[in-house]
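The listed protein sequences derive, respectively, from chains E and L. Everything in the first sequence is counted per my numbering, starting at 36 for the first residue and increasing by one. Everything in the second sequence is counted per my numbering, starting at 36 for the first residue and increasing by one.
No wet-lab data here; the hints were simulated from the structure. Just to be clear, a hint being listed does not mean it is correct.
No distinction is drawn between identical chains; accordingly, a pair holds when it is met within one copy or between any pair of copies.
Unchecked claim - When the alpha-carbon atoms are kept at most 20 Å apart in a straight line, the in silico SDA-like pairs for lysine to any residue are as follows:
hint: 1; residue 1: K42; residue 2: D178
hint: 2; residue 1: K224; residue 2: T214
hint: 3; residue 1: K42; residue 2: A213
hint: 4; residue 1: K97; residue 2: A213
hint: 5; residue 1: K42; residue 2: D77
hint: 6; residue 1: K94; residue 2: T207
hint: 7; residue 1: K97; residue 2: E184
hint: 8; residue 1: K139; residue 2: E184
hint: 9; residue 1: K187; residue 2: P44
hint: 10; residue 1: K38; residue 2: K192
hint: 11; residue 1: K211; residue 2: R191
2 protein chains.
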Amino acid sequence: MKKDIGKIPAIFPMPVLMIGTYDENGKVDVMNAAWGQVCDNDRIILSLTESHKTVKNIKLNKAFTVALADRVHVEAADYFGIVSGNNAEDKFERTGYHAVKSDKVNAPIIEEFPIVMECELAEIIDTESIYGIVGKILNTKVDESALSENGKVDVRKLDALMFDQFQSGYYTVGEKVATAWNAGLDLAKRNR
Amino acid sequence: MKKDIGKIPAIFPMPVLMIGTYDENGKVDVMNAAWGQVCDNDRIILSLTESHKTVKNIKLNKAFTVALADRVHVEAADYFGIVSGNNAEDKFERTGYHAVKSDKVNAPIIEEFPIVMECELAEIIDTESIYGIVGKILNTKVDESALSENGKVDVRKLDALMFDQFQSGYYTVGEKVATAWNAGLDLAKRNR
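Taking the hints into account, I'd like the entire structure generated from these sequences.
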């Protein structure tokens with residue numbers, strides 16, 4: 036029996052994205068964002084409030100990085116969501132984390148996070164229903180320790196966090212249930 | 036040490052969204068989509084290829100539902116991603132699943148999936164970098180068995196699947212690591 040619960044945005048899980056930018060003085064800023072998704076093979080879209088320091092920095096540099104936060108870095112990841120770069124000039128330095136400039140775009144890579152996309156600004160979508168930053172992925176960098184023997188990212192090794200917006204929780208990935216384009220094959224064939 | 040792996044869209048996890056629509060004859064269609072996200076408190080955006088039957092149906096009815104697939108329904112969820120509604124007129128019927136018309140929008144609710152958003156079409160974003168269907172959430176319905184005592188959705192009870200695009204796997208949610216706007220509070224206060 037289903038119950039009406041109102042206008043609840045019921046997308047689960049959400050990623051825990053760490054968006055890295057430089058400000059006008061070359062200072063590193065990082066923010067925590069959950070409302071981001073792939074929107075094409077080499078594109079991602081981030082829905083951000085325009086007042087964020089990150090948005091100003093992206094407009095300035097036409098570039099940003101997007102990393103995934105992993106379990107061991109949950110404290111800093113959450114901190115990047117609590118404190119605003121508009122109010123704390125030393126926001127990044129407070130964590131003691133380390134940043135290097137990307138060799139692909141004018142944006143910082145935070146060394147502590149295991150995987151990062153280096154993006155240039157493709158477009159800002161600004162309509163009645165959405166304010167979205169679209170990034171073109173130029174390259175992705177990953178810790179070798181997060182790769183499988185087949186050279187692809189292993190999400191169990193990555194140990195990335197996910198966000199539960201219903202109750203504001205961070206979770207880890209659980210067990211593998213099935214392989215896509217495989218689990219439903221019998222059903223597809225049986226009825227052809 | 037980080038390794039370059041090219042233009043890999045590295046968002047993890049992704050949701051396993053079941054998009055429900057009616058066609059021109061009132062027949063139910065369901066497709067599986069991973070590239071969807073919340074883009075405002077009552078808005079979601081789905082990046083879909085325009086050729087999908089689902090997109091035609093959404094343009095026709097200006098409405099759709101978005102459910103989350105859970106672990107016990109992984110076979111049908113995957114099947115909804117393998118078979119195209121353009122090629123299989125009985126795509127939905129083949130599963131033996133049950134649909135009822137939403138009381139909020141002209142779109143079907145699939146009874147087997149535990150939570151569903153009832154959406155009207157807000158806008159189609161069609162630019163050089165994105166083709167996105169933006170939905171306005173009018174209401175969300177959830178199985179009472181997925182609710183906590185506080186009346187909010189419990190993601191452990193929901194048992195929703197997530198998608199790993201790196202290696203095309205479906206996973207379940209793991210353990211809770213921390214509470215958001217809390218895990219980073221000490222770090223925020225310590226350095227104020």
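Hints versus structure:
no.	hint	in the structure
1	K42 x D178	between (39 Å within a copy, 15 Å between copies)
2	K224 x T214	within (17 Å within a copy, 44 Å between copies)
3	K42 x A213	neither (31 Å within a copy, 26 Å between copies)
4	K97 x A213	neither (39 Å within a copy, 33 Å between copies)
5	K42 x D77	between (31 Å within a copy, 6 Å between copies)
6	K94 x T207	neither (33 Å within a copy, 37 Å between copies)
7	K97 x E184	neither (35 Å within a copy, 46 Å between copies)
8	K139 x E184	neither (26 Å within a copy, 49 Å between copies)
9	K187 x P44	between (32 Å within a copy, 12 Å between copies)
10	K38 x K192	between (38 Å within a copy, 15 Å between copies)
11	K211 x R191	both (9 Å within a copy, 15 Å between copies)
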